[in-house]
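Next come the chains, spelled out residue by residue.
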Amino acid sequence: MSAPSSTLFTAPPEWHWLIIFYFFLGGIAGGAYFLGALMDLFGGPLQRPLARLAYLVAFPLTVVCGLLLIADLRRPLRFWHMMLQSETLRPMLKVWSPMSLGSWALLLFGFFAFLAFLGALAEDERWRWRGLARLRPPGLLGLVVAVLGGVLGFFVAGYTGVLLTVTNRPIWGDTTLLGLVFLISGASTAAALLALLGQRRAASSVHALERFDSIMLVLELVALIALVVSLGGVARLWLSVWGALLVLGVVVLGILIPLGLYRRSLRFGDASGVAAAALVLAGGFLLRVVIILSSEGA
Amino acid sequence: MCPTGAIIRTEFDTVVIQSDVCNGCRDCIGACPFGVIDINPASGTAQKCTLCYDRLQVGLEPACAKACPTASIQFGPVADLRKRADARVSQLQNAGETRAQLYGADDKMLGGLNSFFLLVDRPEVYGLPPDPRLPTRNLKSSSWLSVIGAVVVSVAGLISFRTRGSRA
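Protein chains in written order, with my numbering: chain A, 902 to 1199; chain B, 164 to 331.
Read the hints as simulated data drawn from the structure, not as lab findings.
All C-beta atoms in this analysis are idealised placements derived from N, C-alpha and C, irrespective of residue type, glycine included.
Take the hints with a grain of salt, since some may be wrong.
Straight-line C-alpha distance at most 30 Å; calculated BS3-like pairs for lysine-lysine [what the hints assert, rightly or not]:
{"hint": "1", "chain 1": "B", "residue 1": "K271", "chain 2": "B", "residue 2": "K246"}
{"hint": "2", "chain 1": "B", "residue 1": "K211", "chain 2": "B", "residue 2": "K246"}
{"hint": "3", "chain 1": "B", "residue 1": "K303", "chain 2": "B", "residue 2": "K229"}
{"hint": "4", "chain 1": "B", "residue 1": "K246", "chain 2": "B", "residue 2": "K303"}
{"hint": "5", "chain 1": "A", "residue 1": "K995", "chain 2": "B", "residue 2": "K303"}
{"hint": "6", "chain 1": "B", "residue 1": "K246", "chain 2": "B", "residue 2": "K229"}
{"hint": "7", "chain 1": "A", "residue 1": "K995", "chain 2": "B", "residue 2": "K229"}
{"hint": "8", "chain 1": "A", "residue 1": "K995", "chain 2": "B", "residue 2": "K246"}
Not everything, but these chain B residues come out facing chain A in the computed CB check (under 8 Å) [as the list claims (entries may be wrong)]:
{"hint": "9", "residue": "A258"}
{"hint": "10", "residue": "P298"}
{"hint": "11", "residue": "S304"}
{"hint": "12", "residue": "S305"}
{"hint": "13", "residue": "S306"}
{"hint": "14", "residue": "S309"}
{"hint": "15", "residue": "V315"}
{"hint": "16", "residue": "S323"}
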């Protein structure tokens, strides 16, 4: 008999719903920002309203993310111990600790998300301080904000998965693919949310998002299959309600059906894209539920 | 792993969690290969055996070693303990207990544990992980896979949004 995985002998950190919501919303916030940046860099004028929408979404979600993380601490008032050493007030950073690096990344990302948010607001005619519009491309300042914030957006969307793999917990520590899966899912759920919110205001360019999300969904499916394979014997933990939820909720409801609906929407231009986007968001949420709770309960 | 620096190595080469620094993020709980860290519900901070840090500082041995009625818990300089443990394993082996083995005494396990065990069965029978490893083992490959993912997502963005832009 081969020895059981050593991850089965460890204790659960009790990361539950606050963290699940953080992983979900953080993926969307980071994803929305880097989609906004990609649209700013590669898209035409048709994409501009959607990119603006992306920045309008990213910052408020980032604020919610910070609050969720603080609320999850058992000593919330000590949240700043992540950034400063409590005795000396010197900066606290461990580059080998995803949580330490992630705290800084989230703070910096919040800064750029705030700038881009102001820039997006300033594009509204009613806004008075027009100078703030320079925080959006095509100017140099706007490009810097888009690119640096976009890179941080990728980090915020993906590091949460890396953080899980850098533990000794079952499933999480038994694979190296969670960062990749969360990153793709962050891009996918952000595209879905922007497609939903943009239906009215930027209907003509929503199809580009639907095309993009279709690519993401295929990539996510491939990454999920690779994830299950990488788990080896530990994947047996998913021969349970969690595995059923993964297959039915995440794969069928959140990937396969939306792929079909997007196809329909792109071909006939009907409203099936709305249903697809809603299902993608639900699937993205269930993905975090399965990944986190199936390990917490093991 | 601790993002606050609350977990320190003391002058005795033991590990102590400073409860006045810990903010209860619980990253250490999932990181610990042995599952020995827990949350103290009263203080809301992470907690583990301190090996009686306060007693060590005044030259006393940990209370568990002092109190153990069968002397199953031994305390002392690690090199001495290893010698004593090796002799005990040989003694047991010669007496016919062929499964007798040390767990964590040599540097094969995480560079050698300062607390090690003499077992007479497989580690998992005692609730010990058969192959404990550092959580950072996954850091590099995990990060690189995510970077590759970011590049692929960017290329997909370029394809999707650029096509759209040029048609406009």
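Worksheet item: Which numbered hints are broken by the structure, listed smallest first?
Response: Hints 3, 4, 7, 8 and 9 not satisfied by this model.
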